[in-house]
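Protein chains in written order, with our numbering: chain G, 11 to 253; chain R, 11 to 290.
Bear in mind the hints are in silico, worked out from the structure with no lab data behind them. Every value quoted in this text rests on a predicted model; they were computed, and no experiment measured them. Be aware that one or more of the hints could be misleading.
[Stated by the list, open to error] Here are the simulated DSBU-like cross-link-like pairs (lysine-lysine), alpha carbons at most 35 Å apart as the crow flies: (1) G:29 x R:52; (2) G:162 x G:29; (3) R:105 x G:117; (4) G:133 x R:234; (5) R:234 x G:179; (6) G:66 x R:52; (7) G:66 x R:282; (8) G:29 x G:117; (9) R:29 x G:179; (10) G:121 x R:52; (11) G:121 x G:16; (12) G:193 x R:234; (13) G:180 x R:105; (14) G:133 x R:282; (15) R:234 x G:66; (16) R:149 x G:180; (17) G:117 x R:234; (18) R:105 x G:64; (19) G:162 x R:282; (20) G:66 x G:193; (21) R:234 x G:187; (22) G:133 x R:105; (23) R:105 x G:29; (24) R:52 x G:162; (25) G:64 x R:52; (26) G:121 x R:234.
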Amino acid sequence: MILECKSLAIGYENRTVLKDINLTIDNGDYVCLFGDNGSGKSTLVKTLLGLIPKLKGDIIFSKNISQRSIGYLPQRNDSLSDFPASVFEVVRSGCLNRIGLRPFFSKRERKRVEDMMEILEIKNLEYRSFSELSGGQQQRVLLARALCATDKILVLDEPFTGLDGIAAKKLYETLDKINKELKVTLIIVSHFVEDLLKYANKVIHLSQECLFCGNPEEYKQHMRKEFILSRHQFLEVGDDHDN
Amino acid sequence: MIISAGIIRNFFNNFDIIKYPLIVGILLSITASILGVVLVLKRYSMIGDGLSHVSFGVYAVAIGLGMNVSIIVVIPLVVLAAYILLRIGESKKMKSDAAIGVFSSSALAIGYIVASVRHGGFTTDINSLMFGSIVFANKSDFIVMLITAIIVIGTFILLYHRIFAVTFDESFAKATGDHTRLFNVLFASLTAITIVIGMRIMGTLLISSIIIFPALSSMQVFRKFRNVIFSSAIISVVSFLVSFFVFTDLPFGASVVLVNLIIFIIYLTIGKLTNHYAKQ
Numbered sequence: 011m012i013l014e015c016k017s018l019a020i021g022y023e024n025r026t027v028l029k030d031i032n033l034t035i036d037n038g039d040y041v042c043l044f045g046d047n048g049s050g051k052s053t054l055v056k057t058l059l060g061l062i063p064k065l066k067g068d069i070i071f072s073k074n075i076s077q078r079s080i081g082y083l084p085q086r087n088d089s090l091s092d093f094p095a096s097v098f099e100v101v102r103s104g105c106l107n108r109i110g111l112r113p114f115f116s117k118r119e120r121k122r123v124e125d126m127m128e129i130l131e132i133k134n135l136e137y138r139s140f141s142e143l144s145g146g147q148q149q150r151v152l153l154a155r156a157l158c159a160t161d162k163i164l165v166l167d168e169p170f171t172g173l174d175g176i177a178a179k180k181l182y183e184t185l186d187k188i189n190k191e192l193k194v195t196l197i198i199v200s201h202f203v204e205d206l207l208k209y210a211n212k213v214i215h216l217s218q219e220c221l222f223c224g225n226p227e228e229y230k231q232h233m234r235k236e237f238i239l240s241r242h243q244f245l246e247v248g249d250d251h252d253n
Numbered sequence: 011m012i013i014s015a016g017i018i019r020n021f022f023n024n025f026d027i028i029k030y031p032l033i034v035g036i037l038l039s040i041t042a043s044i045l046g047v048v049l050v051l052k053r054y055s056m057i058g059d060g061l062s063h064v065s066f067g068v069y070a071v072a073i074g075l076g077m078n079v080s081i082i083v084v085i086p087l088v089v090l091a092a093y094i095l096l097r098i099g100e101s102k103k104m105k106s107d108a109a110i111g112v113f114s115s116s117a118l119a120i121g122y123i124v125a126s127v128r129h130g131g132f133t134t135d136i137n138s139l140m141f142g143s144i145v146f147a148n149k150s151d152f153i154v155m156l157i158t159a160i161i162v163i164g165t166f167i168l169l170y171h172r173i174f175a176v177t178f179d180e181s182f183a184k185a186t187g188d189h190t191r192l193f194n195v196l197f198a199s200l201t202a203i204t205i206v207i208g209m210r211i212m213g214t215l216l217i218s219s220i221i222i223f224p225a226l227s228s229m230q231v232f233r234k235f236r237n238v239i240f241s242s243a244i245i246s247v248v249s250f251l252v253s254f255f256v257f258t259d260l261p262f263g264a265s266v267v268l269v270n271l272i273i274f275i276i277y278l279t280i281g282k283l284t285n286h287y288a289k290q
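The shape of chain G in the complex, shown without the other chains:
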């Protein structure tokens, strides 16, 4: 177990989005988290990261990690398009949770930044300006930054949105490598269910009321049953227009 939610209720100030969430994520899991619009995917992610306070229940982390040592890849943000920053600076900002109260970075952090750029194959972009890169390249830079912040667990919010087929395929392969070789637990919020089911070993489906948590095989069976009950919902699951 690396992360466990016990009768967790999430939402904003006076509005509960989801309640009674019980789920366990094990070390090395590749979790695919999806649900309809407004089902609370992003709210759950933000609560897990501590960006918004939980309403009720518990989030329990295993002893060797804390909420601060979760790596995070936020949803694409177009306001970064004119930000003056080199790739190296961006990746390095992921190391901030490692320096405590020190004002500056040491050689150890520099080494980590270079290792992560190596893993994500962006070493050649080190001195380039972040804003000049393509969407796929920017995504890899931000992923390297997230990896600098963690070596245990990584949360990705809609990482495939806006990527073309080739860039998305490359990202799937990289994520698989991060999960298998670096043993990093992945929690991916996405609506590209079909593709992710090939890699994921755990599926969490959020909906207004129901909450599914199990492996992909169970999930497919579950969906077949749902399909008979409600064809409409099945179509919504495969919907590509999440936002």
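Since the structure of chain G is already known, use the hints to place chain R on it.
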């Protein structure tokens, strides 16, 4: 009243008269421009404009009531306004640009009404609050500005990497344990102090230009956060000095804006040309 050309020409003979305006101006230029880099990048550019109107309101009410108000009273009020604007920006109920609009016009209106009930319209005092005057800088401005400048520059040196992280991506910084709320309050307070002092020199209507222009010009040419900060500070000081020593017969605040505009156009052209040739 503006500092006349004669005083500047006899620089060394009249150093006593111009030393506070000169030093306050240089410190103000540096402080406003480096805070401006963060404000522009965080899409808070207009917060400076809103806060200057709030300080105008406070000063105008004081003039209307015939009180002699010191900056020690104005600063806490404007810091409070900055904090409220920031909180409104964080919540989703009201957009921060709309909130700034509401604050600006309300403060301006209240200030003008109170002042005009007493004096029946624009007085010289109100006019110089609107467009500023360099002779306003006195010893207490100098002391507050010096402390603010030391805090701002010190913050940027010691917390450089954290400032970068919070400015670049606030939610990531928060997720990895930065106290983003504390940062925002610190920046809002420092901006508020800078504006209270700056608006009497630059004027209510022009103060936001020295926050926005240097950062915007630098971003046309430089692609690294640190270089943008250095370049902004240099542009800001140069435009202040040019206005102070060269355009001595022109209204001070307006000539600073004009020099900044010219620098912006030059940087924009350089930026476009380097981009063009880099692609070839």
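Against the structure, the hints:
1. G:29 x R:52: Answer holds: residue 29 of chain G to residue 52 of chain R is near 34 Å, not above 35 Å.
2. G:162 x G:29: This hinted pair holds, its Cα atoms lying about 27 Å apart.
3. R:105 x G:117: Violated. Residue 105 of chain R to residue 117 of chain G sits at ~43 Å, over the 35 Å cutoff.
4. G:133 x R:234: With a Cα-Cα distance of about 18 Å, the restraint between residue 133 of chain G and residue 234 of chain R holds, given a limit of 35 Å.
5. R:234 x G:179: Holds. Residue 234 of chain R to residue 179 of chain G sits at ~31 Å (cutoff 35 Å).
6. G:66 x R:52: Since the Cα atoms of residue 66 of chain G and residue 52 of chain R sit roughly 33 Å apart, the hinted pair holds (cutoff 35 Å).
7. G:66 x R:282: violated, 54 Å
8. G:29 x G:117: Since the Cα atoms of residue 29 of chain G and residue 117 of chain G sit roughly 45 Å apart, the hinted pair is violated (cutoff 35 Å).
9. R:29 x G:179: Violated, because 64 Å separates the two Cα atoms, which is more than 35 Å.
10. G:121 x R:52: holds, 30 Å
11. G:121 x G:16: Violated - the C-alpha atoms of residue 16 of chain G and residue 121 of chain G are around 38 Å apart, more than 35 Å.
12. G:193 x R:234: It holds: about 34 Å lies between the C-alpha atoms, which stays within 35 Å.
13. G:180 x R:105: At roughly 38 Å apart (the allowed maximum being 35 Å), residue 105 of chain R and residue 180 of chain G break the hint.
14. G:133 x R:282: Given pair residue 133 of chain G, residue 282 of chain R holds - Cα atoms ~27 Å apart, limit 35 Å.
15. R:234 x G:66: violated, 43 Å
16. R:149 x G:180: violated, 63 Å
17. G:117 x R:234: holds, 21 Å
18. R:105 x G:64: holds, 25 Å
19. G:162 x R:282: violated, 44 Å
20. G:66 x G:193: holds, 31 Å
21. R:234 x G:187: holds, 31 Å
22. G:133 x R:105: Not satisfied, since the Cα-Cα distance of roughly 40 Å exceeds 35 Å.
23. R:105 x G:29: Given pair residue 105 of chain R, residue 29 of chain G holds - Cα atoms ~29 Å apart, limit 35 Å.
24. R:52 x G:162: holds, 30 Å
25. G:64 x R:52: holds, 27 Å
26. G:121 x R:234: Holds: residue 121 of chain G and residue 234 of chain R sit about 21 Å apart, inside 35 Å.
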